[in-house]
Amino acid sequence: DSGVTQTPKHLITATGQRVTLRCSPRSGDLSVYWYQQSLDQGLQFLIQYYNGEERAKGNILERFSAQQFPDLHSELNLSSLELGDSALYFCASSGDSYGYTFGSGTRLTVV
Amino acid sequence: AQSVTQPDIHITVSEGASLELRCNYSYGATPYLFWYVQSPGQGLQLLLKYFSGDTLVQGIKGFEAEFKRSQSSFNLRKPSVHWSDAAEYFCAVETNAGKSTFGDGTTLTVKP
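Listed in order, the protein sequences are those of chains A and B.
Start counting the first sequence at 5; every next residue gets the next number (the numbering used here).
Start counting the second sequence at 193; every next residue gets the next number (the numbering used here).
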């Protein structure tokens, strides 16, 4: 157990739907990062939050949004889902020292 | 902007043989460098990291990596590979703002 908790582990949904992925960072970590991993695009950085504030944005689609709550957990919202959004979505957290701790991911399948 | 290149998409080694996975980075300042390992269906796990000081760093599971500034490289090594080392390995560079850029990964297959 890495200390980073992601739920759900698996999600199957239809095109056009909206889903929410949840991440609880490791205790004490203020930064949360979201990554998308697919076979054709590898590991893509989506967005970073630090203590509730958006810190950096990567290749995140406009249909996707995220937030970090006061208790530091984070949610990634994916809407108007397309088949191409099927991927593994990872959350990672970091604290005072460098290096990330990753969760085990949410596997999203859009059918 | 920083970038990371892992030249080898796939490497196969025999169990007990030595291993070297290559990583080249591009970053204007002093790099913070990392190697992560991902087993199938799992998240990435930090193997080792380099910030400064001794250019040879030791990590978990018997791995080590050497930072060579002149070659902009941070290659991962293991003297004797075990079947359980079969996984995908990612090199990453992190800025002082905490944003990491990952390479495309190298898949390691271990032959019995």
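What the hints contain is simulated information worked out from the structure, not anything from laboratory work.
Some hints here could point you the wrong way.
Claimed, not checked - Which chain A residues stay away from chain B? Per the calculated CB distances, all over 10 Å, these:
#, residue
1, 8
2, 47
3, 49
4, 81
As the list claims (entries may be wrong) - Computed Cβ-Cβ distance ranges for the label pairs, DEER-style:
#, chain 1, residue 1, chain 2, residue 2, range
5, B, 304, A, 12, 35 to 41 Å
6, B, 260, A, 43, 29 to 35 Å
7, A, 26, B, 234, 31 to 37 Å
8, B, 252, A, 84, 40 to 46 Å
9, A, 12, B, 208, 16 to 22 Å
10, A, 17, B, 201, 36 to 42 Å
11, A, 77, B, 233, 21 to 27 Å
12, A, 9, B, 301, 42 to 48 Å
13, B, 195, A, 67, 34 to 40 Å
14, A, 18, B, 296, 40 to 46 Å
15, B, 204, A, 73, 42 to 48 Å
16, B, 260, A, 55, 32 to 38 Å
From the three backbone atoms N, C-alpha and C, an ideal C-beta is built for every residue, glycine too.
To see whether the hints hold, each was checked on the structure:
With a minimum CB-CB distance of about 8 Å to chain B, residue 8/A fails to clear the 10 Å threshold, and the non-interface call is violated. Against chain B, the non-interface label of residue 47/A is violated: not every CB pair exceeds 10 Å, the least being about 5 Å. Listed as a non-interface residue, residue 49/A fails to keep its Cβ farther than 10 Å from every Cβ of chain B; the least gap is roughly 7 Å. The beta carbon of residue 81/A sits about 21 Å from the closest Cβ of chain B, which is more than 10 Å, so the claim that it is off the interface holds.
The beta-carbon spacing between residue 304/B and residue 12/A, approximately 36 Å, falls within the hinted interval of 35 to 41 Å. Checked against the hint of 29 to 35 Å, the pair residue 260/B and residue 43/A passes, with Cβ atoms roughly 31 Å apart. Here the CB-CB span from residue 26/A to residue 234/B is close to 18 Å, at odds with the stated 31 to 37 Å. Checked against the hint of 40 to 46 Å, the pair residue 252/B and residue 84/A passes, with Cβ atoms roughly 41 Å apart.
As the Cβ distance of residue 12/A to residue 208/B is approximately 40 Å, the hint placing it in 16 to 22 Å is violated. Between residue 17/A and residue 201/B, the C-beta spacing of about 31 Å breaks the proposed range 36 to 42 Å. For the pair residue 77/A and residue 233/B, the beta carbons lie near 23 Å from each other, so the given range of 21 to 27 Å is met. Taking 42 to 48 Å as the suggested C-beta distance range, the pair residue 9/A and residue 301/B does not conform, at roughly 31 Å.
A hinted range of 34 to 40 Å is violated for the C-beta pair residue 195/B and residue 67/A, which are about 27 Å apart. In this structure the supplied range 40 to 46 Å is violated for residue 18/A paired with residue 296/B, their Cβ-Cβ distance being about 31 Å. The beta-carbon spacing between residue 204/B and residue 73/A, approximately 45 Å, falls within the hinted interval of 42 to 48 Å. Between residue 260/B and residue 55/A the CB atoms are about 36 Å apart, so this pair conforms to the stated range of 32 to 38 Å.
Violation of the numbered hints given earlier is confined to hints 1, 2, 3, 7, 9, 10, 12, 13, 14; the remaining hints are satisfied by the structure.
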